Amino acid sequence: MSEETKPAAPEISPEFFIRVNDFIEMANRIERRFDTHHAVTAMTHAFSRYSAHHYRATLAGDDAKNREAFANYIGGTVRGLVLSHLDEMLGPVAPKEDSNDAAAE
Amino acid sequence: MDAAEGPHPRRPLAGSGALIQPWLPQPDPPESARIGVSVTAARPAMTSPPVALPPQLHACVNDFLAQANAMQQKYKYDAISASILYAAARYNVHGFVQQGDAAYFSRVDFVTYMTDLYRRMLDEQLDLLTAAEEANKTP
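Which chain is which? The protein sequence lines are A and U, in order.
Anchor point for the first sequence: position 37 equals 37 in our numbering, and the numbering is continuous, going up by one each time.
Anchor point for the second sequence: position 4 equals 4 in our numbering, and the numbering is continuous, going up by one each time.
Since the hints were derived computationally from the structure, they do not count as laboratory data.
Keep in mind that a hint or two might mislead.
When the alpha-carbon atoms are kept at most 30 Å apart in a straight line, the in silico BS3-like pairs for lysine-lysine are as follows [to be verified]:
1. U:Lys76 x U:Lys137
2. A:Lys65 x U:Lys76
3. A:Lys65 x U:Lys137
Pairwise CB distance ranges (calculated) [claimed, not checked]:
4. U:Pro55 x A:Asn21: 24 to 30 Å
5. U:Ala103 x A:Lys65: 38 to 44 Å
6. A:Asp63 x U:Ala103: 40 to 46 Å
Quick caveat, the model's predicted, so the values are computed rather than measured.
No residue lacks a Cβ here, since even glycine has one placed at the ideal position from N, Cα and C.
From just these sequences and the hints, can you work out the full model?
Right, here's the structure in full:
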């Protein structure tokens, strides 16, 4: 696909990052008070509880099928975001060396 | 990112939307079921329920929820959910890197652990919120 025909990435509002930074600043405060693992745990717990609240407040009905669909949707988003932050903070995963090359040496 | 739409039917919100209730301490599960709070602590198996919260962190979780509630005066659920999701994913990776876990666990293991942890926590919170609503309905 050429550069001209590539669809534009969705525009992210600056307010989105302000809210993100507010949450991260809260986590940093907890990290300073306790440690990193406490902050990670509290944030993940709060995120899960808010997700559950979001699901219950906005979806038509709570049944096993809807739960599974919602968990899959958010779980997939979590996975994608974690992978992209890993790439950003640690760099992309190095390609595996060819085992045939290693064996030949 | 602001409008992270899920593939689900929606119902209209009443007013500006209900606020999330603060986290209340639950009956303590066995010590072995807790999330480790130290890198040296034994890590629970990925599928071991339930996910307990160390008591000292109840107030911290409620601080996050209060922050989300305050945002709800100005923003929609989707916007707040997307923000806390993005922030939690980024901060979890920060924790993974910061504590040197990246040297001991593969990225795949970490991502699998986080996704599994999230799903278990989500299930628990859904059950808790549903139970709380049922309890409130009881005269």
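Status of each hint after checking the structure:
no.: 1; hint: U:Lys76 x U:Lys137; verdict: holds (26 Å)
no.: 2; hint: A:Lys65 x U:Lys76; verdict: holds (25 Å)
no.: 3; hint: A:Lys65 x U:Lys137; verdict: holds (25 Å)
no.: 4; hint: U:Pro55 x A:Asn21: 24 to 30 Å; verdict: holds (28 Å)
no.: 5; hint: U:Ala103 x A:Lys65: 38 to 44 Å; verdict: holds (41 Å)
no.: 6; hint: A:Asp63 x U:Ala103: 40 to 46 Å; verdict: holds (43 Å)
The structure shown violates none of the earlier numbered hints.
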